[in-house]
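Chemist: Protein chains in written order, with this note's numbering: chain L, 6 to 88; chain H, 177 to 1149.
Hints are not guaranteed to be accurate.
[As the list claims (entries may be wrong)] With a cut-off of at most 16 angstroms between alpha-carbon atoms, the simulated EDC-like pairs for lysine to aspartate or glutamate come out as follows:
1) K493/H to E442/H
2) K86/L to D1044/H
3) K76/L to D195/H
4) K862/H to E948/H
5) K278/H to D539/H
6) K87/L to D275/H
7) K493/H to E504/H
8) K969/H to D947/H
9) K858/H to E948/H
10) K1105/H to D705/H
11) K278/H to E13/L
12) K1069/H to D868/H
13) K969/H to E948/H
14) K1069/H to E1106/H
15) K46/L to E67/L
16) K76/L to D539/H
17) K939/H to E997/H
18) K56/L to D539/H
Hint data in this document are derived by calculation from the structure and do not stem from the laboratory.
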Amino acid sequence: MREILRTEELDLNCGGARQTPAGEWEVEAFTSPETAQRLQKAGHRVEIDEKFEDRAAARRSEVGRGDRFQKGRTRPRGLGKKE
Amino acid sequence: MPYLNVDEVESALIALAGDFPAICELIVLPNPSVEERTCHAVRIGKAASTDRDAVLLTGAVHAREWGGCEICVNVAADLCEAYTNSTGLGYGGKSFTHDEVKAIVEGLNLIIFADVNPDGRHFSQTSEALWRRNRNPADSGGNASCIGVDLNRNQDFLWDFPVHFDPASDVNTSTDPCSPTQNYRGSAATSEPEAANIVWLLDNHSRTRWYLDLHSSGETMLHSWGNDENQSADASMNFANPAFDGQRGVSGDVYGEFIPAGDLTEIVELANAFRDSLQAVRGISYTVGPAYLLYPTSGANDDYAYSRHFTDALSNKVYAYTVEWGTEFQPPWAEMENVVADVSAGILGFCLEALCQSAFSVDLQTLSVNFNDVPEAETTARAIVFSVISCQAATFQIVSGPAVTSGPGSFGTLPSPNAALPAAAALTIREARLWLSFTGTNDGDITEGEVTVRLAESGQEWVIPISSNTINRPTVAAVMVLDQSGSMTFASGLPGFATRNDVLKFAAPVFVNLIQEDNGIGIVAFDHDAFDRMAVQTVGPPGPFDPVRATALGVIAAHAPNPAGNTAIGDGVENAHNMLTAAPGFDFHAMVVFTDGHETASKYIADVAPLINERVFAIALGTADQIQPAALTALTNGTGGYLYLTGAVGPDDLFLLSKYYLQVLAGVTNQDIVLDPQGAIKPGQKHRIAFDLNEADIGVDGILLGETNLPVFRFVLETPAGDVIDPAVAAGTPGASYTAAQGVSFYRMTLPVPIGAGARAGKWHAVLTVDEVYYKRYLASLDNYPDLYQKVKAHGVRYSLSIHSYSGIRLQPRLTQTSQEPGATLTVRAVLTEYGIPIGGGRATVRAEFERPDGTSGLLWLTETEPDSGIYTASTGAPLSGVYPFRVLANGKTLRGRNFSREHLLTGAVWKGGDNPPPTSQDDPNEEKERCCRLLNCLLNGSVIRPEFEKRLQELGLDLNALRACIRAWCRE
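So here's chain L without its partners, still in its complex pose (with noise of 0.2 angstroms):
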């Protein structure tokens, strides 16, 4: 893993590479196309996320739109209970 991570530029989620219950190393990295390939290749598993796209999509739905809170004038609620 460590080879992998000093030669290919991984672009990494902050929480870095960590280890299974099995003793294997994993890291969760967003790359080209071209670049997982390189890998499989080269005999690493490597699982690609084919809906992520469909995700940010569907995560992007999820945005809220214009200002509900009208520039300062409505507040927002938390979501702890208040008890």
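Add chain H to chain L, keeping to what the hints say.
Modeler: Structure of chain H alone, referenced to chain L:
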């Protein structure tokens, strides 16, 4: 609240600051983003930014990690709402009490910079979801994919990583703006305006001690350092030492980044508090460890924040963390809400632990100590109150004063057990109190002074001004409201007293004889109407020479029942109210109602109750069924008075009514009863009855009631030093007097009594003996009462001794009932105070002896409802119909360790139908008839029909007297 767009993040913060200005301050960051967006933060905290340590929170430094903004806004909104609405906060399985919310808001400042990187966020939310950097095109060379700087690699901490790190370190930073790793460091340290905003917050909030930078993802809580492994052995091996350039960032080698062991311990404790609090929400456990666990970094915000105090002695030490929330950058909103709850709970748990580690957050709650309107000679206590938010021990000491700066008298101190707060395992808001006292001097005096208090642990000092003014002892106007309905002619049940009216005439004078000088007294009688017998007048010194007392005693002696009279208690109460209203010049008003039956005519109590604004006390002679005192109970309870019922009166109840009058007198004049025993004594015997007085007692009455008006008793008091006060000594001692009146004799003394060294605190004795000559004369007077004669011959003359004290120690019990039907629960609630300070925490015991209607007795031990509240309660059932008399007894120690005792009588009652609504005129079927009778009586009396006309009618054959007799007979039906 789905994900916030960049405008909404700023609007949310602006709105919170607008809606909660007392605790939420809007901060406009000095540097607009590269795309000219204005950035805001808020400061949540009640205290000024310079008065409290601060936690800095930053969100969405990396554009794609959207939820950081939502977490920040949520924490701000929740704290504002919960603090302002006095609630706690709940996140799944984790709850924070309101006190904890309050501790955070009042004990800290939270500086919340929700969206560090608005340009990047906007780009991520609208174009490229995985965009990480800001949107600075300066180094892109026109290539869109080369835009931006990683704002978590741009700070001035080992920023020039090729110099500082080992080439083999794999440091997660790039010098290439076009690197697909998206971690370009920028053209210079803090080159980016967004990164500079973080520096500005640290620079301008110099009390920042903690920093949480919210990132995603990985469910980790990372602490210092991020550039290499930690070591605490070699302080010289540190990021600022160029000797180690080129060696950093490699595991297992010689170089380790220095972190003081003490810091590391505290840093980890805080991180664990975050983890534990977060885990309680839904069971997710974040991994705690140094940031280097991920990969070596340079220019990161957390390392920069913690590094500042090593290189700049003027900078505060900031424990800094990177939170990697969740498992993906942009989870579906439903899951993001869960993450928001998780991390919000973690942040609040972190804040509570931070407070525990923090310097003292102490607020002086009493900026000045004011003794307002202290009656002459009366001692009053006031507390200096500090609110302490800390887990550490805190000891408040008076280091100077309290000293008088102008005016007469002096300020004192009282032992204050809670001025020293012990260390606490968990954070709570605690109050420390130092008690000051002042004794009233002379009416109109104003006394001022000051006291200096120091917190021993921090050396912090407060100079607190004190002021006081003295007033005359308050006076009360009391109207006795006496029943003269037909039932007062009924047999009394007491040997030697033919009628109930005789019992009243035996007992009521006690009130007149004992009421203190300068108070007012008036008398109203009632049957189905009310009659003003004596307007309120101010009484003079006790004794036979006071004309007002003499008049009142004469009115009582002449009090005679109307055999045809019904019972309209409302009429009596209304007249008493009107009489009191017409008696200005008294500080308080009260009425004492005596009755022997339930209401049978208007006006009813319920009719006039809304008018009544005086304290109402009531004494009812009879059983619960006879009195049916629902309205009377409601009336007295509503005014702060109370009701006494005698129940069925038997031969042993000679003094019962007198005791009730004495108890009412004590209530009316704010006295307490120290002791209230009764007994019988024969010639040759000596009864020495001990009682305790203490430094809180201002005045004392020793009152002896006897069953005969003959001077049978020899009654003296002994001081704690053994000096004897008899009538002659009392007459010659300033502030002391002795009075003998019908059926009662009493000493009245202001304390200390100027005898010997001054008699006050300690064990006193009332000493009783019997004069044999008068004893025999009394026996001789009982020829017509053989049973009573035998009783006196066998057991002696009966007496009742009461010791009343005007005192700083007050026992104020009340009896409440769940119902007035059999099966009700009766609860005794007693409040015990010394100078207004609760007497609790094991300093006193309170019990209540009571009797059931079947004659069996019971005992309740009252327990303190909360530690140091001075409020004691206990309950019992009332399954039997009838009266339940209670005698509440308190024993304990004063603040200075002297013994005290207090007693108080209460009665409860239940009867079948007790919960029925009390009668009013509106539902009285006789009301119309009664009004008709009044009209007829009015028309037929001498003011309408003149004697001349009546004579002519007589001559014409109309006998008006016979007509009047018919109408009277009809009206009585």
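Chemist: Work down the list of hints and note, for each, if the structure agrees.
Modeler: Outcome of the hint check:
With a C-alpha separation of about 12 angstroms, the suggested pairing of K493/H with E442/H holds against the 16 angstroms cut-off. Between K86/L and D1044/H, the direct Cα distance comes to roughly 32 angstroms. Violation of the 16 angstroms bound is thereby established for this hinted pair. Distance check on the hinted pair: K76/L and D195/H sit about 13 angstroms apart at the alpha-carbon level, within 16 angstroms; holds. With a C-alpha separation of about 13 angstroms, the suggested pairing of K862/H with E948/H holds against the 16 angstroms cut-off.
As the CA atoms of K278/H and D539/H are separated by approximately 13 angstroms, the hinted pair is consistent with the 16 angstroms bound. Proximity of K87/L to D275/H is assessed by CA-CA distance (about 13 angstroms); at most 16 angstroms being required, the pair is judged to hold. Proposed proximity of K493/H and E504/H is contradicted: the alpha carbons are some 32 angstroms apart, above 16 angstroms. With a C-alpha separation of about 14 angstroms, the suggested pairing of K969/H with D947/H holds against the 16 angstroms cut-off.
Taking the CA atoms of K858/H and E948/H, the gap is about 8 angstroms. The hint holds against a cut of 16 angstroms. Among the hinted pairs, K1105/H with D705/H is consistent with the structure: their alpha-carbon atoms are about 15 angstroms apart, no more than 16 angstroms. For the proposed pair K278/H and E13/L, the alpha carbon gap of about 50 angstroms is over 16 angstroms, so the pair is violated. The suggested pairing of K1069/H with D868/H holds, with an alpha-carbon distance near 11 angstroms, which does not exceed 16 angstroms.
For the hint pairing K969/H with E948/H, the CA-to-CA distance comes to about 12 angstroms; that is within 16 angstroms, so the pair holds. This hinted pair does not check out: K1069/H and E1106/H have alpha carbons roughly 58 angstroms apart, beyond 16 angstroms. For the suggested pair K46/L and E67/L, the alpha carbons sit about 38 angstroms apart, so the restraint of at most 16 angstroms is broken. This hinted pair does not check out: K76/L and D539/H have alpha carbons roughly 35 angstroms apart, beyond 16 angstroms.
Between K939/H and E997/H the CA atoms are separated by roughly 44 angstroms; this puts the pair beyond 16 angstroms, and the hint is violated. Between the alpha carbons of K56/L and D539/H the distance comes to roughly 56 angstroms, so the proposed pair goes past 16 angstroms and is violated.
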